Amino acid sequence: MSMDNHLHIGMRQTWGGSEAPFDFEVSDARYHTYIIGKTGSGKTTLLRNLILQLILQGHGVGLIDPHGDLAEELLDHIPPNRAEQTVYFHPGDRDFPIGLNLLTQTSPEDRHLVASGIVGAFKNLWPDSWGPRMEYILHNAVAALAHCPNTSLLGVNRLLTDPIYRRWVIQQVDDPFLRDFWENEYESWDARFQREAIAPIQNKVGQLLLSPILRNIVGQVRSKVSIPFVMDERRIFIANLAKGQIGHDKANLIGSLLITQFQLAAMARNRQPEHERRDFYLFVDEFQNFATESFTAILAEARKYRLNLTLSHQYIAQLSPTVREAVFGNVGTVIAFRVGFNDAEHLHGEFGQEFQPRQFVDLPRYETLIRNQSTDGDMHFQRTRLHPPIVTNQGRRERLVKRSRERFATMREIVENKLERWLKDTH
2 MSMDNHLHIG
12 MRQTWGGSEA
22 PFDFEVSDAR
32 YHTYIIGKTG
42 SGKTTLLRNL
52 ILQLILQGHG
62 VGLIDPHGDL
72 AEELLDHIPP
82 NRAEQTVYFH
92 PGDRDFPIGL
102 NLLTQTSPED
112 RHLVASGIVG
122 AFKNLWPDSW
132 GPRMEYILHN
142 AVAALAHCPN
152 TSLLGVNRLL
162 TDPIYRRWVI
172 QQVDDPFLRD
182 FWENEYESWD
192 ARFQREAIAP
202 IQNKVGQLLL
212 SPILRNIVGQ
222 VRSKVSIPFV
232 MDERRIFIAN
242 LAKGQIGHDK
252 ANLIGSLLIT
262 QFQLAAMARN
272 RQPEHERRDF
282 YLFVDEFQNF
292 ATESFTAILA
302 EARKYRLNLT
312 LSHQYIAQLS
322 PTVREAVFGN
332 VGTVIAFRVG
342 FNDAEHLHGE
352 FGQEFQPRQF
362 VDLPRYETLI
372 RNQSTDGDMH
382 FQRTRLHPPI
392 VTNQGRRERL
402 VKRSRERFAT
412 MREIVENKLE
422 RWLKDTH
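Sequential numbering from 2 applies to the sequence shown in this note's numbering.
Bear in mind the hints are in silico, worked out from the structure with no lab data behind them.
All figures in this text were calculated on a predicted structure; none of them were measured in a lab.
Any given hint might turn out to be false.
To be verified - Calculated cross-link-like contacts (lysine to any residue; reagent style SDA-like; alpha-carbon spacing at most 20 Å):
{"id": "1", "residue 1": "244", "residue 2": "213"}
{"id": "2", "residue 1": "124", "residue 2": "140"}
{"id": "3", "residue 1": "419", "residue 2": "403"}
{"id": "4", "residue 1": "419", "residue 2": "210"}
{"id": "5", "residue 1": "124", "residue 2": "324"}
{"id": "6", "residue 1": "425", "residue 2": "225"}
{"id": "7", "residue 1": "305", "residue 2": "280"}
{"id": "8", "residue 1": "305", "residue 2": "277"}
{"id": "9", "residue 1": "425", "residue 2": "169"}
{"id": "10", "residue 1": "225", "residue 2": "236"}
{"id": "11", "residue 1": "39", "residue 2": "425"}
{"id": "12", "residue 1": "305", "residue 2": "229"}
{"id": "13", "residue 1": "305", "residue 2": "270"}
Said to hold, decoys possible - Using C-beta positions, here's what the derived DEER-type ranges look like:
{"id": "14", "residue 1": "18", "residue 2": "330", "range": "32 to 38 Å"}
{"id": "15", "residue 1": "395", "residue 2": "151", "range": "36 to 42 Å"}
{"id": "16", "residue 1": "249", "residue 2": "190", "range": "32 to 38 Å"}
{"id": "17", "residue 1": "200", "residue 2": "178", "range": "34 to 40 Å"}
{"id": "18", "residue 1": "213", "residue 2": "326", "range": "22 to 28 Å"}
{"id": "19", "residue 1": "111", "residue 2": "408", "range": "24 to 30 Å"}
{"id": "20", "residue 1": "326", "residue 2": "418", "range": "45 to 51 Å"}
{"id": "21", "residue 1": "422", "residue 2": "366", "range": "53 to 59 Å"}
{"id": "22", "residue 1": "133", "residue 2": "110", "range": "23 to 29 Å"}
{"id": "23", "residue 1": "172", "residue 2": "380", "range": "25 to 31 Å"}
{"id": "24", "residue 1": "366", "residue 2": "18", "range": "19 to 25 Å"}
Beta carbons are placed, not taken as given, at the ideal position from N, Cα and C, and that holds for glycine.
Make a model of the complete structure from these sequences and hints.
Written out as structure tokens, the structure reads:
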């Protein structure tokens, strides 16, 4: 399959007032890309064009789409020779849930990283009602379950409330400090204190996991989709997290868990020689919804593991100060569409004052101001008009959905029957 070395963006304005083609080298994407702009300014067109170019060139590509429109549209443009390499993950497809279980794909040395990632995903949903005791107990619960075969996040509530199940879990744990928490500290709490301590977890985490949509995804013991395989074998992973179909909290949790999986898969590449690490390009739209505390580590570490991020959203105030600092401190390419004046002032500084704030505010639709860091470290500044949407419509959406169901999903009735048996299992 042909590997072009460039990503074609649009037409740049030259000093003489004429236009010339503008593109990046694909390798520039290793320094990460940040895209900002108001609704309707052209962000989706750019994302679509970049993703399709990488797909057509044969690269490994992922998309996490909280709206669903771009994810669905891309399915119509997957070329026939890449159809079998495509995973379509759609939690809104309730009758054919695809399992997402971080616990059973965990190496022993990564268990606490997995626990931290999962806890961070939950914490991201309720930052204003999160306490250190809740985090402490939940982290120890998830870390303990990560030691167990044939388990899932649905075991959290059961571990906290079922002494027989808890005893079985503790028997699987080989970490002496983790065992000590469950055998001594947790058991030493009187019944009233224990109820008060675990009530926030039951009220928030437990209630969310009891949702049939989420339960049938994270409750599957075995995931048929391997994110390390997706990355290493240059597969296409499209996640349609349409909030209108599954709800805001569920979409944000699943998106955060997916990003955690990509992060762990990337970090596991430290056991690979550097020349064997294949580039994988992950696009995250409205990324502020999935930006957990560990997100800063992803931005700082991902490049050396060849996980190349493209992050897009609407305005800077959506980001916490920590995430904002991590983004602007680590991305090599910034692509700005039309923004409000506050964002224009900030971008004016990020662009080395190459453009005035008013230029960011007055951009027409489909026009961008770009700061691009090339692999030689040089910064380039351009005003660019996007190319029209790439048209390669293959009309393959229904076939790709059907094929992903067959290969990666489990029928809803089968999943629910297995979960019912798990509930009745006394261990």
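Verification of the supplied hints:
Taking the CA atoms of residue 244 and residue 213, the gap is near 15 Å; set against the 20 Å cutoff, the hint holds. The straight-line distance between the Cα atoms of residue 124 and residue 140 is roughly 11 Å, inside the 20 Å bound, and the hint therefore holds. Simply put, residue 419 and residue 403 have alpha-carbon atoms about 23 Å apart, too far for the 20 Å limit, and the pair is violated. Note on residue 419 and residue 210: the hinted pairing holds, with a Cα-Cα distance of about 16 Å set against a maximum of 20 Å.
Taking the CA atoms of residue 124 and residue 324, the gap is near 15 Å; set against the 20 Å cutoff, the hint holds. For the hint pairing residue 425 with residue 225, the CA-to-CA distance comes to about 25 Å; that exceeds 20 Å, so the pair is violated. A C-alpha spacing of about 10 Å is found between residue 305 and residue 280, which places the hinted pair at or below 20 Å, so the restraint holds. Between residue 305 and residue 277, the direct Cα distance comes to roughly 12 Å. Compliance with the 20 Å bound is thereby established for this hinted pair.
Between residue 425 and residue 169 the CA atoms are separated by roughly 15 Å; this keeps the pair inside 20 Å, and the hint holds. Note on residue 225 and residue 236: the hinted pairing holds, with a Cα-Cα distance of about 14 Å set against a maximum of 20 Å. The suggested pairing of residue 39 with residue 425 is violated, with an alpha-carbon distance near 51 Å, which exceeds 20 Å. For the given pair, residue 305 sits about 16 Å from residue 229 by alpha-carbon distance, which is consistent with the 20 Å threshold.
For a cut-off of 20 Å, the pair hint linking residue 305 to residue 270 stands: about 9 Å separates their Cα positions. About 35 Å separates the C-beta atoms of residue 18 and residue 330, a value consistent with the hinted range of 32 to 38 Å. Residue 395 and residue 151 have their C-beta atoms about 40 Å apart, which keeps the hinted 36 to 42 Å range intact. The given range of 32 to 38 Å is respected by residue 249 and residue 190, whose C-beta atoms sit roughly 34 Å from each other.
For the pair residue 200 and residue 178, the supplied restraint of 34 to 40 Å is violated, since their beta-carbon distance comes to about 25 Å. For residue 213 paired with residue 326, a C-beta distance near 39 Å fails the hint of 22 to 28 Å. Range check, residue 111 to residue 408: Cβ separation about 26 Å, and the 24 to 30 Å hint holds. A beta carbon spacing of about 48 Å between residue 326 and residue 418 agrees with the range 45 to 51 Å that was offered as a hint.
A hinted range of 53 to 59 Å holds for the C-beta pair residue 422 and residue 366, which are about 55 Å apart. A hinted range of 23 to 29 Å for the beta carbons of residue 133 and residue 110 is consistent with their spacing of about 26 Å. Range check, residue 172 to residue 380: about 57 Å between beta-carbon atoms, so the 25 to 31 Å window is missed. A beta carbon spacing of about 21 Å between residue 366 and residue 18 agrees with the range 19 to 25 Å that was offered as a hint.
Of the numbered hints given earlier, the model fails hints 3, 6, 11, 17, 18, 23; all others are met.
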